[in-house]
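> Sequence:
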Amino acid sequence: VQLQASGGGLVQAGGSLRLSCAASGSAFDIKGMGWYRQAPGKQRELVATITSGGYINYADSVKGRFTISRDNGKNTVELQMNSLKSEDTGVYYCKIDRPFGLPGYWGQGTQVTVSS
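Position in the sequence shown (first residue = 1) + 14 = our numbering.
Just so you know, the hints here were simulated from the structure itself, not pulled from any lab data.
Below, in silico cross-link-like pairs of lysine-lysine (BS3-like), each with a Cα-Cα straight-line distance of 30 Å or less:
{"hint": "1", "residue 1": "Lys88", "residue 2": "Lys109"}
{"hint": "2", "residue 1": "Lys45", "residue 2": "Lys77"}
{"hint": "3", "residue 1": "Lys45", "residue 2": "Lys88"}
{"hint": "4", "residue 1": "Lys109", "residue 2": "Lys56"}
{"hint": "5", "residue 1": "Lys88", "residue 2": "Lys77"}
{"hint": "6", "residue 1": "Lys45", "residue 2": "Lys109"}
{"hint": "7", "residue 1": "Lys99", "residue 2": "Lys77"}
{"hint": "8", "residue 1": "Lys77", "residue 2": "Lys109"}
{"hint": "9", "residue 1": "Lys109", "residue 2": "Lys99"}
{"hint": "10", "residue 1": "Lys77", "residue 2": "Lys56"}
{"hint": "11", "residue 1": "Lys56", "residue 2": "Lys99"}
{"hint": "12", "residue 1": "Lys56", "residue 2": "Lys45"}
Quantities reported herein were computed from a predicted structural model and do not represent experimental measurements.
All chains, please: the whole structure from these sequences, using the hints.
What follows is the structure in structure tokens.
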């Protein structure tokens with residue numbers, strides 16, 4: 015299974031970016047998809063997740079600014095990021111969660127840099 019993330023870049027504070035992630039490869043079951051980020055010197059943290067049934071969870075720090083969406087048929091997940099802040103800077107990773115406690119899959123990460 016491969017996860018290909020795209021859409022990162024450099025943006026000024028207050029700007030917007032849209033991240034996309036597409037999953038491909040051998041047949042696999044998806045329980046949910048999501049985005050995580052890791053800032054320099056910090057642990058990786060959850061940004062937003064969405065289950066196959068459409069249940070969405072956001073980190074408190076991004077509520078009202080970020081929107082996650084997915085296309086179950088295409089196995090893609092996107093993250094619309096608005097009103098970006100310098101503290102949103104980091105490497106963003108997409109992830110697939112699998113059912114029955116099976117290990118998930120991580121994408122390679124895409125850099126998001128917000129200049130103040």
